[in-house]
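Using the sequences provided together with the hints, build the complete structure.
Next come the chains, spelled out residue by residue.
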Amino acid sequence: MRYLPHTKEDIESMLQITGHKTLENLFDSIPQNLKTNTGINIPDSLSEWDLNSHMIELASKNIPNKNYKYFIGAGSYDHYIPSIIPYLISRSEFMTAYTPYQPEIGQGTLQGIYEFQTMVAQLLGMDIATASHYDGGTALAEAALISLRTHKTANTVAVSNLVHPSHRQIIQTYLRPTQFKMVQIPSTKDGKTDLKALKSMDDLAGICVQSPNFFGNIEDFKQVRQICTDKNALMIASFTEALSYGLLKNPGGFGADIVAGEGQSLGISKSFGGPGLGLLTGTQKQMRNLPGRLVGKTKDINGKRGYVLTLATREQHIRREKATSNICSNNGLCAMTAGIYLATTGKIGIRKIAQLNHDKAIYLQNSLKEVGFIPAFNTPFFNEFVMKVPKGFKTKRNALAKKQSIFAGIDLEPFYPELKNHYLFCATETISKEDIDHLAKEVTS
Amino acid sequence: MTNKPGIGGLKFNESEVWDRSKKGRCAISLPKSDVKESRLDNSLIGDVPDLPQLSELDVVRHYTHLSQWNFGIDSGMYPLGSCTMKYNPKTNEIQANRQGFAAAHPFCGDQFSQGALKLMHTLETFLAHITGFDAVTVQPAAGAHGELTGMLMIHKYHEKNGRQRSKIIIPDTAHGTNPASASLCGYDSVKVSSGPNGILEPDAIAAVMDEDTAGIMITNPNTLGLFENNIKKITDIVHAKGGLVYGDGANMNAIMGVVKPGEIGIDVLHLNLHKTFSTPHGGGGPGAGPVAVNKILEPFLPVPRIVKETTKDKETYKFITHSPDTIGRMHTFYGHFGVLVRAYSYILSLGGKGLCDVSKLAVLNANYIKEKLKGTLNLPYDLPCMHECVFNDRIQKEFGITTMDMAKRLLDYGFHPPTIYFPLVVDGAFMVEPTETESKESIDQFIDAVESIAKEAKTNPEILKSAPHITKVTRLDEVTAARKPCLKG
Numbered sequence: 001m002r003y004l005p006h007t008k009e010d011i012e013s014m015l016q017i018t019g020h021k022t023l024e025n026l027f028d029s030i031p032q033n034l035k036t037n038t039g040i041n042i043p044d045s046l047s048e049w050d051l052n053s054h055m056i057e058l059a060s061k062n063i064p065n066k067n068y069k070y071f072i073g074a075g076s077y078d079h080y081i082p083s084i085i086p087y088l089i090s091r092s093e094f095m096t097a098y099t100p101y102q103p104e105i106g107q108g109t110l111q112g113i114y115e116f117q118t119m120v121a122q123l124l125g126m127d128i129a130t131a132s133h134y135d136g137g138t139a140l141a142e143a144a145l146i147s148l149r150t151h152k153t154a155n156t157v158a159v160s161n162l163v164h165p166s167h168r169q170i171i172q173t174y175l176r177p178t179q180f181k182m183v184q185i186p187s188t189k190d191g192k193t194d195l196k197a198l199k200s201m202d203d204l205a206g207i208c209v210q211s212p213n214f215f216g217n218i219e220d221f222k223q224v225r226q227i228c229t230d231k232n233a234l235m236i237a238s239f240t241e242a243l244s245y246g247l248l249k250n251p252g253g254f255g256a257d258i259v260a261g262e263g264q265s266l267g268i269s270k271s272f273g274g275p276g277l278g279l280l281t282g283t284q285k286q287m288r289n290l291p292g293r294l295v296g297k298t299k300d301i302n303g304k305r306g307y308v309l310t311l312a313t314r315e316q317h318i319r320r321e322k323a324t325s326n327i328c329s330n331n332g333l334c335a336m337t338a339g340i341y342l343a344t345t346g347k348i349g350i351r352k353i354a355q356l357n358h359d360k361a362i363y364l365q366n367s368l369k370e371v372g373f374i375p376a377f378n379t380p381f382f383n384e385f386v387m388k389v390p391k392g393f394k395t396k397r398n399a400l401a402k403k404q405s406i407f408a409g410i411d412l413e414p415f416y417p418e419l420k421n422h423y424l425f426c427a428t429e430t431i432s433k434e435d436i437d438h439l440a441k442e443v444t445s
Numbered sequence: 446m447t448n449k450p451g452i453g454g455l456k457f458n459e460s461e462v463w464d465r466s467k468k469g470r471c472a473i474s475l476p477k478s479d480v481k482e483s484r485l486d487n488s489l490i491g492d493v494p495d496l497p498q499l500s501e502l503d504v505v506r507h508y509t510h511l512s513q514w515n516f517g518i519d520s521g522m523y524p525l526g527s528c529t530m531k532y533n534p535k536t537n538e539i540q541a542n543r544q545g546f547a548a549a550h551p552f553c554g555d556q557f558s559q560g561a562l563k564l565m566h567t568l569e570t571f572l573a574h575i576t577g578f579d580a581v582t583v584q585p586a587a588g589a590h591g592e593l594t595g596m597l598m599i600h601k602y603h604e605k606n607g608r609q610r611s612k613i614i615i616p617d618t619a620h621g622t623n624p625a626s627a628s629l630c631g632y633d634s635v636k637v638s639s640g641p642n643g644i645l646e647p648d649a650i651a652a653v654m655d656e657d658t659a660g661i662m663i664t665n666p667n668t669l670g671l672f673e674n675n676i677k678k679i680t681d682i683v684h685a686k687g688g689l690v691y692g693d694g695a696n697m698n699a700i701m702g703v704v705k706p707g708e709i710g711i712d713v714l715h716l717n718l719h720k721t722f723s724t725p726h727g728g729g730g731p732g733a734g735p736v737a738v739n740k741i742l743e744p745f746l747p748v749p750r751i752v753k754e755t756t757k758d759k760e761t762y763k764f765i766t767h768s769p770d771t772i773g774r775m776h777t778f779y780g781h782f783g784v785l786v787r788a789y790s791y792i793l794s795l796g797g798k799g800l801c802d803v804s805k806l807a808v809l810n811a812n813y814i815k816e817k818l819k820g821t822l823n824l825p826y827d828l829p830c831m832h833e834c835v836f837n838d839r840i841q842k843e844f845g846i847t848t849m850d851m852a853k854r855l856l857d858y859g860f861h862p863p864t865i866y867f868p869l870v871v872d873g874a875f876m877v878e879p880t881e882t883e884s885k886e887s888i889d890q891f892i893d894a895v896e897s898i899a900k901e902a903k904t905n906p907e908i909l910k911s912a913p914h915i916t917k918v919t920r921l922d923e924v925t926a927a928r929k930p931c932l933k934g
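If you read the protein sequences in the order shown, they are chains A and B. Each residue of the first sequence is one higher than the one before, starting from 1 at the first, in the working numbering. Each residue of the second sequence is one higher than the one before, starting from 446 at the first, in the working numbering.
Read the hints as simulated data drawn from the structure, not as lab findings. Some clues are possibly wrong.
From chain A, some residues computed to sit far from chain B (all C-beta separations above 10 Å) [as the list claims (entries may be wrong)]:
1. K21
2. K152
3. V183
4. M201
5. Q226
6. N250
7. E262
8. Y416
FRET-style restraints, in silico, Cβ to Cβ [said to hold, decoys possible]:
9. B:D555 <-> A:P375: 23 to 31 Å
10. B:D555 <-> A:V371: 35 to 43 Å
11. A:S60 <-> B:K757: 19 to 27 Å
12. B:A685 <-> A:G253: 54 to 62 Å
Glycine is no exception: its CB is placed at the ideal position from the N, C-alpha and C atoms.
What follows is the structure, encoded as structure tokens:
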């Protein structure tokens, strides 16, 4: 096996030093009754070429047509990834390094993450960004826990039911063994969070609203801020489409205390939903409450600029059971990817790409309207929107997916049973006018 | 020592990325606008984020320079104890980046995701075979996330049995994530000390195990690199009082094909695919932390789960999202699928027999280092070790030299240092895990380096205290970094 460098002679000479006769003897200290006699029932090793054939076949079962088109998002978005991103991120000094516990030989990761923190804070309008979490849902669950842990009296977090359904489920999972609970804020006929419903809710440590929300609609953060202040609850803003803040007013500008969301749109492949990038940011006041890694700038003993992991006293390897979280890693390489993406698109690119997403989505909605689809809400959206679909759409949709790898909308009924025949559509900059015209034709014919 | 792998080399200066910025530059190829621009209401539009403005070559040079300041496994030996820094095969990257995997959208539906589902289901089966358990979930996103998943399952199990418990036993050798994960489930940690041989003694467990204790979290082999020989007695004690046994599988690389945790009384175990199964650490993630369980805990596994349905002419795979006793969802989608593809490729490349060889050679390498370096460094527990061995600085302290000094001096020699000051039970720990992918030659070179540093400790201690000398930066002021945090530019 090419990954195992030991020759027969190496093994013999090393066993002489260790004082064992055979490799099996290395395990003599383990009592016999604890050893297995069932072997490992996995087929024999594959050559690289056989592995290639096998994997090509498996991969082709997912997307048989390489000209696939996604008119779907819902937390995972199809955006262009510039060639320099996979090229740079594949540099093995980034990819094969551990967490930079020895900062003298980890300055690449450390400076890269420091720059990532800076650019994410800028994108979301926040004081502090952590070095990242697993994904948007787990970052949001951590945000909910911060509000509950730090509030003196309240034990409830209110979460809009237009927060991504999976994110709400993760919060439930995380809260179940605790004394804390989550309540859901209903939605209005406009496809927005019914903020009036908050009036009758109390015992709130945090209020969480996603914008653009799961239906793609833009929420009224100004009003959310006001209610949070009145209720003495932390304002937690969330999102699944990070690129929307290339165009929209960011949550920090509205005074959010914590902003948590998904950064997959920033140069990371969809990869069947993971790994993505959990973004967790806060105001200065929240600095010591934020779980997860943070990189800080400092100097070495010669006065040279350098970076280190810092504020570790919040973390599990120091605080153990008293830590702010059990998290002991970040999605480091994905954070580095997002950093490179933000540097690549830059100030000019991010606005243009965001605007383009919106333009394509409007064109898609208009095109679908012309062929009998009805917009479910009359509310401004970014690149996703809900349509009531004509009869027979489901069959046509499946045929399109099967024959042409075109995925037209996500059925909302499994998530919101009251929304029968409603689909969530998305258009990004990867969709051309021609693709949209083709789709409109296919769903009518 | 004349033949150090590390030499000076060319080191570029590189400013922070925004210092290269010049108004008007943009490094992305902007897609054509083929539809009319639609303006959102002005009240919704924000200021443009003040991101740097760079050319494509600016971005490439910047990140290339940064990468050159990093040390990875591809740069040299990385014997970081408890982290299993083995070679990350390049073919795994090719496989994960195939369009059918990398471009797969999580909401295409089961019918159009059969490749991904089959891969995940097969990987679950492989991991069950390796660990001796009945069922596996590949959803948890990291080792600590797997721990939390496992502890939530234990919590739900006790709840279902009608009486919640309040405590959990955690040995003093455990990773810090263990008590932190238990805390998230509301359990108080009860610390137990390992015995004089560095392993747990059944009497110590019997003394604290009661019917208010949910169970025990145990790492085997433990973080001293020793196999917990009393594991069966310990699991019997815990089970007799109605508790469950959580296994931290961080050190699975030592025992594949030798011991199956599911056969020796462990009820639930997490694995680190980024350790034993060769997926890249990425400078701190993403990894993956699958969880394996026995029949008793299977109903509590997180959703969605993957099931295989076999009919006469075909196999189909589908997600099950509802399960009455599940702890719920742990990840927005199905976990770190891209990491799973890499681990799956690794397992297929090694095969069942190859995985057994991995553990044998990992243990051989560690025992070889232990034998060669004991005497040069103090070895607190001189017992046959598994995949790692733990020394400390007792001998060098005489010359005023600490583990930290030796670790920093190793950087000058071109090695990543071992894990230091962990496990906490060894004062000044110096924890070496070579892994099986290091050759005898590179290990001998590492041994030479440590011997040479031990000599310097006597003859020239100053050179150790002021190390490292040839890295991009030298020791950093971490105190000021924490007192006056500067977290963005």
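Cross-check of the supplied hints:
1. With a least CB separation of 12 Å from chain B, A:K21 remains clear of the 10 Å interface cut-off, as annotated.
2. Against chain B, the non-interface label of A:K152 holds: every CB pair exceeds 10 Å, the least being about 19 Å.
3. With 10 Å as the threshold on Cβ separation, the claim that A:V183 sits away from chain B holds: the shortest Cβ distance comes to roughly 17 Å.
4. With 10 Å as the threshold on Cβ separation, the claim that A:M201 sits away from chain B holds: the shortest Cβ distance comes to roughly 23 Å.
5. At the 10 Å boundary, the C-beta of A:Q226 stays outside the reach of chain B, the nearest C-beta of that chain being 16 Å off.
6. Look at A:N250: its CB is around 5 Å from the nearest CB on chain B, not clear of 10 Å, so calling it non-interface is violated.
7. The beta carbon of A:E262 is not kept farther than 10 Å from every beta carbon of chain B, the shortest such distance being approximately 7 Å.
8. No beta-carbon of chain B comes within 10 Å of the beta-carbon of A:Y416; the shortest separation is about 15 Å.
9. At about 29 Å, the CB distance of B:D555 to A:P375 agrees with the hint of 23 to 31 Å.
10. The given range of 35 to 43 Å is broken by B:D555 and A:V371, whose C-beta atoms sit roughly 28 Å from each other.
11. With their beta carbons about 24 Å apart, A:S60 and B:K757 fall inside the hinted range of 19 to 27 Å.
12. Separation of B:A685 from A:G253 is about 59 Å and conforms to the stated range, judged on CB atoms against 54 to 62 Å.
Hints 6, 7, 10, counting from the list given before, are not met by this structure.
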